[in-house]
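Residue numbers (the numbering used here), protein chains in the order written: chain D, 1 to 260; chain G, 1 to 260.
No lab work stands behind these hints, which were simulated from the structure alone. Among the hints, a few may not be true.
It does not matter which identical chain is meant; a pair holds if it fits inside one copy or across any two.
As the list claims (entries may be wrong) - Heads up, simulated SDA-like pairs for lysine to any residue below, C-alpha to C-alpha not over 20 Å straight-line: (1) Lys-55 <-> Thr-178; (2) Lys-8 <-> Arg-86; (3) Lys-253 <-> Glu-89; (4) Lys-253 <-> Arg-52; (5) Lys-137 <-> Thr-178; (6) Lys-253 <-> Gly-75; (7) Lys-55 <-> Arg-179; (8) Lys-199 <-> Val-176; (9) Lys-90 <-> Leu-128; (10) Lys-55 <-> Thr-258; (11) Lys-55 <-> Arg-149; (12) Lys-253 <-> Ser-150; (13) Lys-253 <-> Ala-71; (14) Lys-55 <-> Asp-256; (15) Lys-143 <-> Pro-193; (16) Lys-55 <-> His-181; (17) Lys-8 <-> Ile-72.
There are 2 protein chains.
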Amino acid sequence: MDPNLSPKELRQLIRSRQWTTPTSGAAPGYVQANLVMLPEEAAFHFLLFCVRNPKPCPILDVLEPGAVEPAIARGADIRTDVPRYRVFEKGELKTEVEDVSDYFDDGMVSFLLGCSFSFENAMLAAGLPIRNMEEGKNVSMYKTSIQCRSAGPFSAPLVVTMRPMTPVQAVRAVQVTTRFHLTHGAPVHLGAPEEIGIKDIHRPDFGDPVTIRPGEVQVFWACGVTSQLAATSVPLYRVITHAPGHMFVSDLKDEDLTLM
Amino acid sequence: MDPNLSPKELRQLIRSRQWTTPTSGAAPGYVQANLVMLPEEAAFHFLLFCVRNPKPCPILDVLEPGAVEPAIARGADIRTDVPRYRVFEKGELKTEVEDVSDYFDDGMVSFLLGCSFSFENAMLAAGLPIRNMEEGKNVSMYKTSIQCRSAGPFSAPLVVTMRPMTPVQAVRAVQVTTRFHLTHGAPVHLGAPEEIGIKDIHRPDFGDPVTIRPGEVQVFWACGVTSQLAATSVPLYRVITHAPGHMFVSDLKDEDLTLM
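The shape of chain D in the complex, shown without the other chains (with noise of 0.2 Å):
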């Protein structure tokens, strides 16, 4: 991988179909996106369900309906610049593919929110563990018993991603995190996941299992899932999501979405 790649390079790599594989570490410093695309019809309701839950689904842009260049990536087609994506129809995945040049339409509007990368590499920097990276493994997430606010036909049980730490290093994780409110910002819950309703913090419901070691203290925050979860949960004639692990990659640069 180029670490110089820009993110319109990247992006062009991935609309020619000669970068087919996940996101995770390229372009390193700019934002990656969440994406989500549906009906105009359903358009008002899915963004109150994201104004209404900020820290799942923290809105970085909005296309209008059937535009396909987002503000925050100038020249790109939202159509093919993800390397993957998910066709829902009627609540239930129907495909995957490279290119949803097929199944989008005017009628449809396009949805960028906020992914923990970002916040991520600001832990990296303050020196922070994040397990799943040293494990080689993709981030434990779980549905948890706290329902999001619903927004008209959309509702979702929040989803949360774990990274366990000692308590100190818990502390600076949530200052380091805070900044970034719009890629979820502080966590959401810590130590005691029976509280939110997990069960069993061995067996993720997405993602793979992590290393808790002794005396650490498991770090929840709200995960970019719940808003799937969400734009699923209606029987939809058509929802696009990107594949997971497969984001949606931006001119924006981390910082750019700190407090300003």
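Since chain D is already given, all that's left is putting chain G on it; use the hints.
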């Protein structure tokens, strides 16, 4: 004015028309909000306008179409609990009333947006001057040459408030207001009013002129009036807003709006 009045008690006085005056200084410590109501057909694009312009239009609450009880003020009725409303039709001011029950219908969506009262309290607590308060005037407001990001048919110039202070106080004001990102947050400009299209600082477009002392820098914050200009920039059959200074008083405390 009873300084111990709770937001709920204040809203009851307003609803029974025992309180019909501006809300500045009422129920101190509690968040007051700008109100915009408009038809459901325009709600997606107006919400998008707010999302795209978070500094002038920070979203505190958006109600479902036809709903009248905000999540941030349990038991309230948005049709009666503002002391004075403005009713616009086709973009033109039609009337000012103390109750909009006769103008509100099941197809209208209510938006509550942050106002500067919250960060002004924090500035006062930090010993910073608020000149218009010292002089018993309304804050000076100016239309700028900065265009907001449009959304669908909605557009507006950025409106700003101005508070003069010493350079050292300006630095402190940036620190203090940055935490309040849901009530306009950090300043958008410092000094040099001509750079943002303000021709005569002594002739504000709204509110009153205030004294600017030698050596003071003019500090500019985004202003909620922007949302009213945007909402009335389109000839919708009806738009309702609060009348200037007559805000909606919520159950949120100022501190609830800081980064979390």
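| field | Copy assignment of Lys-253 with Gly-75, given that the CA separation must stay at most 20 Å | value | Close inside one copy (17 Å), not across copies (43 Å); limit 20 Å.
| field | Status of Leu-128 relative to Lys-90 across identical chains (alpha carbons, at most 20 Å) | value | Answer is neither: 42 Å inside a copy and 56 Å across each miss the 20 Å cutoff.
| said: If the cut is 20 Å between Cα atoms, do Lys-199 and Val-176 qualify within a copy, between copies, both or neither? | reply: neither (28 Å within a copy, 42 Å between copies)
| said: Reference check for the pair Lys-55 and Arg-179, CA-CA at most 20 Å: within, between, both, or neither? | reply: So Lys-55 and Arg-179 pass the 20 Å test inside a copy (13 Å) and across (17 Å) alike.
| request: Check Lys-55 against Thr-258 for me: Cα-Cα at most 20 Å, and say if that holds within a copy, between copies, both or neither. | output: both (14 Å within a copy, 14 Å between copies)
| field | Alpha-carbon proximity context of Lys-143 and Pro-193, limit 20 Å | value | This pair counts as within: shortest intra-copy Cα distance 11 Å, inter-copy 51 Å.
| message | For Lys-55 and Thr-178, with the copy left unspecified, which applies at a CA distance of at most 20 Å: within, between, both, or neither? | response | Both. Shortest intra-copy (11 Å) and inter-copy (19 Å) distances satisfy the 20 Å Cα cut-off.
| Within a copy, between copies, both or neither: where do Lys-55 and Arg-149 come within 20 Å Cα-Cα? | Within one copy, since 11 Å is at most 20 Å while 24 Å is not.
| said: Reference check for the pair Lys-253 and Ser-150, CA-CA at most 20 Å: within, between, both, or neither? | reply: neither (31 Å within a copy, 23 Å between copies)
| Homomeric proximity label, Lys-253 with Arg-52: Cα distance no greater than 20 Å | between (25 Å within a copy, 18 Å between copies)
| said: With identical chains, the pair Lys-253 and Glu-89 could be close in the same copy or across copies; at 20 Å between alpha carbons, which is it: within, between, both, or neither? | reply: For Lys-253 and Glu-89, the Cα distance exceeds 20 Å both inside one copy (34 Å) and across copies (43 Å).
| Checking Lys-55 and Asp-256: alpha-carbon separation at most 20 Å within a copy, between copies, both or neither? | Both. Shortest intra-copy (17 Å) and inter-copy (15 Å) distances satisfy the 20 Å Cα cut-off.
In the structure shown, a violation is registered for the earlier hints numbered 2, 3, 5, 8, 9 and 12, in ascending order.
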